[in-house]
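Novice: Using the sequences and the hints, build the whole thing.
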Amino acid sequence: MIQLRKISKSFRHLSVLKDLNLSFEEAGISAILGPNGSGKTTMIKCLLGMVLPDQGDILINEQNISRQWAYRDQISYLPQIARFPENLSVGELIRMLRSLRNRPSQEDTLIRIFGLESFMDKKLGHLSGGTRQKVNLVQAFMYDNPILILDEPTAGLDPVAVLKLKDLLNKEREKGKIILITTHLIPFVEEMADEIVFLMDGKIHFRGSPSHLIRQYETEKLETAIAQMLEKQKIVSVDVSPQVNGQSRLTPVMTS
Amino acid sequence: MKNILRYSFFDLIRSRWTIIYGGFYLILTFALIWLSGDLLKVITSLMNITLMLVPLIALLFSSMYYYHSRDFVELLLAQPLKRTHIFIGQYWGIAISLSVSLIVGLGLPFLIFGVLGTSVLYHFFTLIGVNLMLTFIFVGLGFAGALRYENRIKGFGLGILIWLFFAVIYDGIVLLGLVVFRDYPLDHFALGASIFNPIDLSRILILLKLDISALMGYTGAVFQKFLGSTTGIIIAIAVLMLWVVFPIGRIRFLALRKDF
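In order, the protein sequence lines correspond to chains A and B.
Under my numbering, think of the first position of the first sequence as 1, with each following residue one higher.
Under my numbering, think of the first position of the second sequence as 257, with each following residue one higher.
It should be emphasised that the hints constitute simulated quantities derived from the structure, not laboratory data.
Treat the hints with care, as some may be off.
As the list claims (entries may be wrong) - Just a few of them, taken from the derived set where beta-carbon distance is under 10 angstroms, the chain A residues facing chain B:
hint, residue
1, Leu48
2, Asp73
3, Gln80
4, Met96
5, Ser99
6, Leu100
7, Asn136
8, Thr183
Computed from a predicted structure; not experimentally measured.
Don't be surprised by glycine CBs; every beta carbon is placed ideally from N, CA and C.
Specialist: In structure tokens:
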């Protein structure tokens, strides 16, 4: 369970997150969408303790994560750009990451799924972008953690690998995990996401299921609905997430 | 922390730059020994080169490594690890791999030409020891600088400034002071000023062992008296140790407050 309470963060004078309240309590895939610079990555980094919020609390499984580190054992993370140390081989990287957590992992299955067996002795610096992203996926999925955070998981992947990724995600969802994904690929969202969290200017602009969004804009495609939302930028939705203080589950989120 | 250290070390020890760095010292030392044949003279020549080169390479190499591993650090930060362990671990990884290059590059030729059992052995160890200290000091300063500035131009610029300051500007200021106040007794000023610059202190530590301190005149005698005593040596080593500890503290401080 993830709770963000009144999170604010600014870099120098640029305010990125503004009093953000957000919680993920039920299992499923939440797609975090928003234009560039809307605060998606900053929010994810706050959850991982990489960015320290100026104000507010983040609770993961009821524990305040400020200045903590052990809670990250519960989280699997796929970083955005798969740039690893060039001189390490794939096998060495996996072994290194495994030695950090020291508990059962299933990298062998994943290596087989993504067909990386022949790359195990290759240096990471010599791999193509897509192959490196596959290595990235292996490291992200190799632990059975209740929370999964994926930043642009489809970047650089060929269609076959994307298919395998979807397969993996469906399996993880069935296990009852909280899965957060940021992406710009709308068809991927349409197919996979149980709900959409649309961030804009550091605030939640929309939260609800993809079909809900489509209905709101009376369009047929999610892409058009999102494009319209971006153009109109006005109140369109209700926050269906349970409120922290137990107030109504249906409150308008934002006007502009 | 040990995990990070080990990974950084093995990542670096096989990197082209570490090998070039070690290879350079290896060829240089072999060439100098082969050309002069006098191990003591070789140590003096090497000292003049390494006291400039070791800090510069340590500064640039550590900032380069920080910027280079920036993306990977993001992955590490998402693991159940303490922030300080990640960065202090990386610091030791860089410092130790550069030290290995240095020891192999400088040490191997001396070993082959039979430094063991000669009277030069002591000087040889001083040369190696002092350069190792400089490596640890300047890797720390470079790494802390890179951690401070996300912009690599600023980070590298700071590294070069630090090097210029300690290798060139500091001596210039001290010399200027000596000239301006030449009517006063300055031996203690010279001693004090030199002790706070790790490069100067290293140079003096080697020179005094080489018995050419007579060239330094009366001030040289003061140095000899101070650093020849046990207390003096302990103070000198303590100052160098402080210079190692200070950047590590800085790395800790910055690592705990930074957004990645």
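Novice: Hint by hint, note whether the structure agrees.
Specialist: For each hint, the structure was consulted:
1. For A/Leu48, the interface hint holds, the least distance from its beta-carbon to any beta-carbon of chain B being 5 angstroms, beneath 10 angstroms.
2. Hint status for A/Asp73 relative to chain B: holds, with the closest Cβ pair at about 4 angstroms, below 10 angstroms.
3. Taking 10 angstroms as the C-beta cut-off, the interface hint given for A/Gln80 holds, the closest approach to chain B being about 8 angstroms.
4. Interface hint status for A/Met96: upheld, as the beta-carbon distance to the closest one in chain B is roughly 5 angstroms, under 10 angstroms.
5. At about 5 angstroms, the closest approach between the beta carbon of A/Ser99 and any beta carbon in chain B falls short of 10 angstroms, and the interface hint on this residue holds.
6. Residue-level restraint check for A/Leu100 holds (minimum Cβ-Cβ distance to chain B is 5 angstroms; threshold 10 angstroms).
7. For A/Asn136, the interface hint holds, since its Cβ comes within 10 angstroms of a Cβ in chain B; the closest pair sits about 8 angstroms apart.
8. The closest approach between the C-beta of A/Thr183 and any C-beta of chain B is roughly 18 angstroms, which is over the 10 angstroms cut-off, so the hint fails.
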